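Kindly generate the complete structure, drawing on both the sequences and the hints.
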Amino acid sequence: MRQDEMTPVVKTIAAILFPLIIIFSFYVIMHGHLTPGGGFQGGAIGASAIVMLIAAYGAKYVRERAKEENLSIFESIGGIVFVLVGLLGFLATSAFLYNFLVGEPLFGTIPPFGSNSGILNSGGILPILNIAVGMKVIGGLASVVLVMALAGGDEE
Amino acid sequence: MNADWLLQNSPALIIAIPLLAAFLMPVIDKIGRRARNAFAIIILVIEEMLVLFLAYDVFGGNIHIYTMGAANPLTTVPAQAAVPIRIVLEVDAMGIFMAIISATVCLAAGIYSLAFIEEEKGKGKYYTLLLLILVGMLGMELTGDMFNLFVFLEVLSIACAALIAYRSNTGDAVEGAFKFLIISSIAALFVLFAIALLYAQYDLLNMAALAHAITYSNLDKIALVLLVAAFAMKCGSVPMHFWTPDAYSVAPASITAILVAASQASLYALFRVCFSLYNVTLNLATIGGALIIFGLLSMFIGVTMALPQKDIKRLMAYHAISQTGYMLLGVGVGLYLLADPEFSTYGIKAMEGGIFHIINHAMYKGLLFLTSGAIFYRLKTRNLNEMGGLGHSMKWTAIFFIIGALAIAGIPPFNGFASKLLIYEAAYKVSPILSIIAMLVSILTLASFVKVFHSAFMGPKIHDVEEVPRSMLAGMAVLTFVIILFGLFPGWVVGNIVHPAAQALAEQAAYIQAVIGG
Amino acid sequence: MLRTTGGYWDPVLWIIAFIVVAIVAYIIRAMGRSDYSGKGEQRKPYISGVEEPEKEAVHIRAGNIYWGFLESMKGYYNAMMKIHTGIVNDYISWFVGISALLFIFVFLVEVI
Amino acid sequence: MIYSIPFYTVVILILVGLYAMIFKRNLIKMAIGLTIVESAVNLFLVTLGYREGGVAPIYTNLPSGISIPEGMVLPVPQALTLTSIVIGVAILALMLSLSMMIYRHYGTLDSRKVRRLKE
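Protein chains in written order, with this note's numbering: chain A, 1 to 156; chain B, 1 to 518; chain C, 1 to 112; chain D, 1 to 119.
Treat the hints as calculated values from the structure; they're not laboratory data.
Take these hints with a grain of salt, some might be off.
What the hints assert, rightly or not - So the derived list for chain C, only partly shown, Cβ under 8 Å to chain B, looks like this: (1) M1; (2) T4; (3) W9; (4) W14; (5) I16; (6) G63; (7) G68; (8) L70; (9) K74; (10) N78; (11) V88; (12) W94; (13) F95; (14) F107.
Predicted, not measured: the structure shown is a model, and the values here were computed from it.
Just so you know, even glycine gets a beta-carbon here, dropped at the ideal spot from N, CA and C.
Written as C-alpha cells, this is what we have:
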C-alpha cells in the first residue's frame with residue numbers, strides 16, 4: 001500500500017460512488033436551464049468526484065490515468081466551444097452570444113409560457129454553454145487540486 | 001462579410017478573438033514551436049489591425065455600441081424593459097485610445113518574447129496568459145457595464161499574477177506575484193462592493209444608465225471613495241504604490257512592459273468613473289484636488305525612491321510610479337479647472353496633456369523595460385553594480401535605451417516633452433508650485449537615467465556578450481518607431497487622437513446619449 | 001505643430017535649430033589647432049608622466065553614483081526606507097488608511 | 001430593524017476580514033481574511049436580491065397564484081454573486097498555490113520574513 005492512499009474500504013466505496021457523482025454532476029449541468037444549477041455548480045460536483053479519487057487513491061494514481069495536460073486540453077475545449085458558440089451567434093444572424101438555436105430541432109423547442117414541468121430540449125444555446133462551462137470547471141478545478149496534491153507529496 | 005459588418009461587430013470581435021486564441025493555444029502548442037509562435041504573432045497582429053480599424057471610425061466622431069446577445073446589437077434597451085439589462089460594450093474615443101495602447105504594447109512584447117523566453121519552460125501557457133491579459137485590458141477599456149469592468153479587472157489580475165510568477169524557480173518572483181495578487185483582489189473586492197452599493201440604489205449596472213440616474217447621495221459618495229481608492233491603488237499611485245516595484249521587478253521584462261499598460265487600464269477605469277459616471281453630480285474640485293495630491297506625491301516620491309535603487313527594473317518601476325503621477329496631475333488639474341467655466345479651455349488642455357502622457361509613457365516605459373530585459377537576457381542579472389561596458393557590444397540596445405531615456409526625461413524632440421509641456425502650462429494656472437515640482441521631477445528623472453546609462457552601457461568592456469537576437473530588437477523597434485513618430489508630429493497626434501479622447505471624457509452627455517437616447 | 005495654451009511647440013523647428021547649432025559648433029571646432037592628431041603622447045591624461053590607472057579601477061559603479069545627494073538627503077531617505085517595509089500586511093493597511101482619509105476628505109469638504 | 005441585520009453582518013464581516021489581512025502575519029491567514037471579505041460582499045449582493053414576496057424565476061414547480069413575470073425576482077444579483085464566487089475560487093486557488101511555492105523557497109509563511117523585495 002502506497003503512503004498517500006487510504007484503506008481498501010474507502011477505495012471500494014469511492015469506486016462505487018464515483019460514477020454516481022459524475023452522473024449527478026452531468027444531471028446538474030444538463031438541467032442548468034430548467035432548475036437551479038448549471039455549468040459551474042455541476043462542474044464543481046464533477047471535480048469533487050475527482051478530488052474524492054485523489055483522496056482515496058492518492059494523487060500519483062490519479063495522475064497516471066488523467067494527466068494534467070489532458071485535463072488542461074479538456075478545459076480548453078470547453079473554452080473553445082463557449083467562444084465558438086458565441087461567435088456563431090453573430091455569424092449566423094446578429095450579435096455575439098445571440099441565441100440562434102431558437103426554433104431549431106436541437107434545443108430549439110419553445111416551452112409554453114407560464115408554470116410547466118420544463119422541457120429538456122429547450123433553451124437554445126444555453127445547454128451548450130452550460131456543457132462548455134461544465135467541461136472547463138471540471139478540467140480546471142481537478143487539475144488545480146491534482147497539481148496541489150502532487151506538490152504536497154514532493155515535500156516528504 | 002463586408003467592411004460595414006466588420007466595423008459594426010468589431011467591438012465584440014476585439015474581445016472574442018484573443019479569448020478564443022487563448023483557449024486554442026494549449027492545443028496548438030502540441031503541434032510545435034513554430035506553429036505556436038506564428039499563431040501568437042498572427043493573433044496579436046490581427047488584434048492591432050482590428051483596433052486601428054475601429055479607431056479610425058471612432059476618432060471620426062462616432063460612439064460605437066454593441067449589445068451582447070441581442071437580435072440587433074444596436075438596440076441597447078430591450079423591448080420588454082425600460083433600462084439596459086444586457087451587457088453593452090460602449091466604445092468612445094477614450095476607450096479606443098487605451099485599446100490602441102494595449103494592443104500595441106502587447107504586439108511589441110509578443111514579438112520580443114519569441115526569443116526572450118526561448119529557454120524557459122511552459123511557453124504554451126505563457127502565450128495563453130499573455131492573450132488573457134490582452135482580453136482583460138481590452139475588455140476593461142471597451143466595456144460600458146460596471147460589473148463587466150469588475151470581471152475583466154479580475155481576469156487581468158489573475159493572468160498578470162500567474163505571469164509575474166512565471167520564473168517560479170526563484171523565490172522573488174513568487175513573492176512579487178503573491179503581493180500583486182492579494183493587493184489586486186482586495187482592490188477588486190472594494191470595486192465590487194461599490195458596484196453593489198450603486199446597484200442597491202438604482203437597480204442598474206450599465207455605466208451610461210447609472211450616470212443618467214445618479215443623484216450624488218451619501219451612498220454614492222461612499223461608492224465613489226471606494227472606487228477611487230481601489231483604482232488608484234491598482235494604477236500604483238503613492239502612497240499605495242508598494243506592490244508596483246515588487247511586481248514589476250520580478251516579472252519577465254516583456255510582461256513588465258504589459259503590466260505598465262495593465263496599470264494604465266486601471267487608470268482609465270479611474271478616469272471613466274470620475275468623468276463619465278459621476279461628472280455632473282460630482283463636486284468636481286474635490287476629487288480633482290484628491291487626484292492632484294495623489295499625482296504630486298506619486299511624482300516626487302516615485303522619482304526620489306528611484307535614485308538610490310541598484311536593481312535596474314526596480315529603478316524603472318519607481319519611474320513608472322512617478323510618470324503615473326504626471327497623468328494624475330494632468331487629469332486632476334483638468335478636473336479641477338473644468339469645475340470653473342472660465343478656465344474650461346485650460347482644463348481641456350491639461351487633460352490632453354495627461355492623456356497624451358498615458359500613451360507616451362506606455363511606449364517609452366515599455367521600451368525601457370524591454371531594454372532592461374535585453375540586458376538581463378545576456379547577463380542574467382538585474383543588479384546595476386554588476387553591469388558595465390555593454391555599449392561596446394550591444395549597440396542597438398544602447399541606442400534604444402538612449403531614445404527611451406531621453407523621451408522619459410522630457411528632452412526635446414521626443415514625445416515626452418510635448419505632453420509634459422502641456423501639463424506644465426496648465427498646472428501653472430492652478431498654482432506655479434505644481435509646475436515647479438513637475439519640472440524638478442523631470443530633472444531628477446534625467447539624473448537617474450544618466451546613472452543607469454553610465455553604469456550599464458559606459459565604461460570599460462567587462463562582459464564579453466553579443467547583441468540580443470533579432471526578434472527582441474524588432475519588438476523594441478516597434479515601440480521606438482511610435483516614440484519617434486509621436487515626437488516628430490505632436491500636433492497631429494494631439495489634434496486627431498488625444499483631443500477627441502479628452503473631449504469624450506469631458507462630455508458626459510454624449511456618452512449617456514449613445515446608450516439611453518432614442 | 002502643437003498649440004498649447006501659452007504658445008506652440010514645433011519639433012521640426014527645434015531640429016532645424018539643432019542642426020544650425022551643430023554646424024556652428026563644427027565650424028568653431030575646425031578653427032582649432034590643426035597639429036592635434038589624437039595619437040600617442042597627446043592622448044595621455046597626465047602630461048607630467050604620472051602612471052595612468054587601470055580603466056576597470058576608475059569605472060564608477062552604480063552604488064556610488066549620487067552618493068553626495070543621497071548623503072545630504074539622509075533624513076528623507078531614512079524615513080522613506082522605513083515606510084517601504086516590504087511586508088504585505090502594511091500594503092493593505094496603507095490602502096485602508098488612504099480610503100479612510102478619502103472618506104474624511106470627501107465628506108468634510110461637503111460640510112465646509 | 002430585522003431587515004437591516006444582514007447589512008450589519010456585512011460590515012462586521014468586512015471588518016473581520018480586513019483585521020485578518022492587516023494583523024495576521026501568516027500568508028494563509030491573509031488568504032482566509034480575503035475570503036471573508038469576499039463572502040461579505042457576496043452576502044451583500046444576495047441581500048440586495050431579496051424582494052419581499054417574490055419567488056425565484058423558475059417555471060417548474062412554480063407555486064400557484066404568482067403572476068408572471070411580475071411576481072418573480074430579476075436574478076441579476078444572484079448572477080453577480082455566482083460570477084464573483086467563481087472568480088473567488090480562481091483567486092483562492094492561485095493564492096494558495098503561490099503560498100505553497102513561497103513556503104518551498106523561503107521555508108516560512110511569515111509575512112515579516114517573506115520580504116526579499118523591499119525599499
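Verification of the supplied hints:
At its closest, the beta carbon of M1 (chain C) sits 4 Å from a beta carbon of chain B; the interface hint therefore holds under the 8 Å criterion. Annotation: interface hint on T4 (chain C) holds; nearest CB of chain B at approximately 5 Å, less than 8 Å. Hint on W9 (chain C) holds. Least Cβ distance to chain B is approximately 6 Å, under the 8 Å limit. Hint status for W14 (chain C): holds, given a least beta-carbon distance of 5 Å to chain B, under 8 Å.
Interface hint status for I16 (chain C): violated, as the beta-carbon distance to the closest one in chain B is roughly 11 Å, over 8 Å. Here the hint on G63 (chain C) is kept, as its CB sits about 5 Å from the closest CB of chain B, short of 8 Å. About 12 Å separates the beta-carbon of G68 (chain C) from the nearest beta-carbon of chain B, more than 8 Å, and the hint is not met. For L70 (chain C), the suggested interface contact is upheld, since its CB lies about 5 Å from the closest CB of chain B, less than 8 Å.
For K74 (chain C), the interface hint is violated, the least distance from its beta-carbon to any beta-carbon of chain B being 11 Å, above 8 Å. Because the smallest distance between the Cβ of N78 (chain C) and any Cβ of chain B comes to about 11 Å, over 8 Å, the interface hint for this residue is violated. Checking V88 (chain C) against chain B by beta carbon gives a least distance of about 5 Å; that is within 8 Å, so the hint holds. Interface hint status for W94 (chain C): upheld, as the beta-carbon distance to the closest one in chain B is roughly 6 Å, under 8 Å.
At its closest, the beta carbon of F95 (chain C) sits 5 Å from a beta carbon of chain B; the interface hint therefore holds under the 8 Å criterion. Annotation: interface hint on F107 (chain C) holds; nearest CB of chain B at approximately 7 Å, less than 8 Å.
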